[in-house]
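Trainee: Full structure from sequences and hints, please.
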Amino acid sequence: MQHGKYRFIGGFLVTPLVLYAVFVIWPFIQAIYYSFTDWTGLSPDFKMVGFANYTRMLDDDVFWKSLQHSLLFALLLPLVTLGLALFFAFMLNVGGRRRKGAAITGVRGSGFYKIAYFFPQVLSIAIVALLFRFAYNPNDGVLNGTLTAIGLGSVQPDWLGDPNLALWCVMAVLLWSTVGFFVVLFSAGMASIPMDFYEAALLDGANRFTTFFRITLPLLWDTVQSGWVYMGILALGAEAFAAVQIMTVGPGGPDYSTTVLPLYVYQSAFRDANAAYATTIGVALLIVTLLFAAIVMRLGRRERLEF
Amino acid sequence: MKTTDTPPPADPVEDHPRVTKTQAAPEKAKNGEGGVLNVFSHGILVIWAIMVVLPLLWAVMTSFKDDNSIFSSPWSLPDKLHFENWSRAWSQAHMNDYFGNTLIVVGFSLAGTLVLGSMAAYVLARFDFPGNRFIYFLFVGGMSFPIMLALVPLFYVLNNMQLLNTLPGLILVYIAYSLPFTVFFLTSFFRTLPTSIAEAAFVDGASHTRTFFQIMLPMAKPGLVSVGIFNFLGQWNQYMLPTVLNTDPDKKVLSQGLVELATSQGYKGDWSGLFAGLVMAMLPVLAAYIVFQRQVVQGLTAGALK
Chain A
1 MQHGKYRFIG GFLVTPLVLY AVFVIWPFIQ AIYYSFTDWT GLSPDFKMVG
51 FANYTRMLDD DVFWKSLQHS LLFALLLPLV TLGLALFFAF MLNVGGRRRK
101 GAAITGVRGS GFYKIAYFFP QVLSIAIVAL LFRFAYNPND GVLNGTLTAI
151 GLGSVQPDWL GDPNLALWCV MAVLLWSTVG FFVVLFSAGM ASIPMDFYEA
201 ALLDGANRFT TFFRITLPLL WDTVQSGWVY MGILALGAEA FAAVQIMTVG
251 PGGPDYSTTV LPLYVYQSAF RDANAAYATT IGVALLIVTL LFAAIVMRLG
301 RRERLEF
Chain B
1 MKTTDTPPPA DPVEDHPRVT KTQAAPEKAK NGEGGVLNVF SHGILVIWAI
51 MVVLPLLWAV MTSFKDDNSI FSSPWSLPDK LHFENWSRAW SQAHMNDYFG
101 NTLIVVGFSL AGTLVLGSMA AYVLARFDFP GNRFIYFLFV GGMSFPIMLA
151 LVPLFYVLNN MQLLNTLPGL ILVYIAYSLP FTVFFLTSFF RTLPTSIAEA
201 AFVDGASHTR TFFQIMLPMA KPGLVSVGIF NFLGQWNQYM LPTVLNTDPD
251 KKVLSQGLVE LATSQGYKGD WSGLFAGLVM AMLPVLAAYI VFQRQVVQGL
301 TAGALK
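Respectively, the protein sequence lines represent chains A and B.
So the first sequence is numbered by our numbering: it starts at 1 and just counts up by one.
So the second sequence is numbered by our numbering: it starts at 1 and just counts up by one.
The hints are simulated quantities; they were obtained by calculation from the structure and are not laboratory data.
Beta carbons: idealized from backbone N, C-alpha and C, even for Gly.
Be a bit skeptical, because a hint or two may be false.
Derived DEER-like restraints, expressed as beta-carbon distance ranges [what the hints assert, rightly or not]: (1) Ser-144(B) to Val-155(A): 23 to 29 Å; (2) Asn-159(B) to Pro-157(A): 40 to 46 Å; (3) Val-155(A) to Val-291(B): 37 to 43 Å; (4) Asn-96(B) to Gly-111(A): 33 to 39 Å; (5) Ser-188(B) to Thr-40(A): 41 to 47 Å; (6) Gly-100(B) to Ile-287(A): 37 to 43 Å; (7) Asn-68(B) to Phe-46(A): 54 to 60 Å; (8) Asp-196(A) to Asp-128(B): 39 to 45 Å; (9) Lys-47(A) to Asn-68(B): 55 to 61 Å.
Mentor: Encoded structure:
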């Protein structure tokens, strides 16, 4: 297989590599370089300023707020999402009443639930965010309308306009749109756990609670862990950006109460014409993302169970 | 697996202290799974299903209402089907243009991603050459980097190449940012394919290129379908890249155009038209999901399971 091998390899790799280098690798390298300059993005002139952008960032209240919110998105949101998804998946696959024939079944209609729960996953996050922007609308949104209809007309939260509430509203939407994906993911994982394990546990008299924590969760741990990293990266990046930018008003919510790191990068670069500073925040975002992935991997490390 | 340290209960009911109804229903008690717990867990499942489906139903319903009844009675059925909302959104609110742009961008991006991604993955999976590992990790590393960091310089890279605010520019960027996952996924897929068939074809005189396109690519079809669905949904739903790189109103893609529409139409008060646009954008993927449900789920979860 040696004839023309290198020409073939070169021919097949050159186009993807060039595209990837020009549009992905090169901008990343440039971004780190620009973070040490005073480049505005408007003019081609800039000079090196050392760590000036970084010291400025450490004194920047909005940066700390964004970081705080992004960390909340990366830590709390996956915890709730994956917890809920594990519960649903367990119910759908193992939680059913024992019927004749099979020792382990899901609840009745589990197929339907799996299809329905996955719905939001195929929708664009932009569409989901828009939909809920209307639902949350304090004057004529469906949420407050429903509150009025059931006799709670005096309770009319300003949802996305309330600095204490807005961030939670955004998180609820991200939760809504991602739980179904993990239900299906964990269901697939649970389906690959051998039936005998459950049967043995049931013979020993284990209840559903014990079964979940002694069998399902340990055997599913790898999937849960990669799900956590996956969700965290989404919540630190594109998903959170779109949700916050579309749903909340003004500069990342009332009084920056919902701003997140990717949104702040976007605003610094394209609203404030501060390209160099934006890339500095971007580098912080990169560090946070890598640290997050490393920590989750590290904490989650345990003996791999073979089956 | 340690299950031995759970005490074997003599009576299955003991295991469910919260389950009281089982005693009243002997045939359930015999099964050891209780009524209350089941009602409770089933209830939560139903509630979540309602929470998922209801907002979507509400959007569909609202898109057929007139503006007045949207606010006065948000949960009532429309008095009659106001199809004019849909036609207004389609032509006047430029939904047709947004659809067209999205189709062009996603069509070319998806084709490009699959062709280039499978070429790179095939070479990386099946051939030994210096730098193979390095190139592989260069591609795969791109999966964990926040795109936002690169977007700022990328904006100026495209600007210099005269590709800013153009559909070809967007297509090239979509392909480039889809490559990491595509190469990662397809490399492991090509490794699982048998080598003997490709070798036989090569011995019979087929060139490497011909072997790839006529033998290996058809064999890789299941993998291509999975990664294709994953990329299709990702590119169809993309919001961040076009928001930054494509600000020309005539070239907006669907998600971006809708947000733009919500902002401008919101002032005009055309809520029904807005909902019609929203539902119009939702329906194609929802319909495709219902039809190709199994493939979509496999395609989307295949990557995360690795």
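Trainee: Where does the structure disagree with the numbered hints, that is, which hint numbers, in rising order?
Mentor: Number 1 only.
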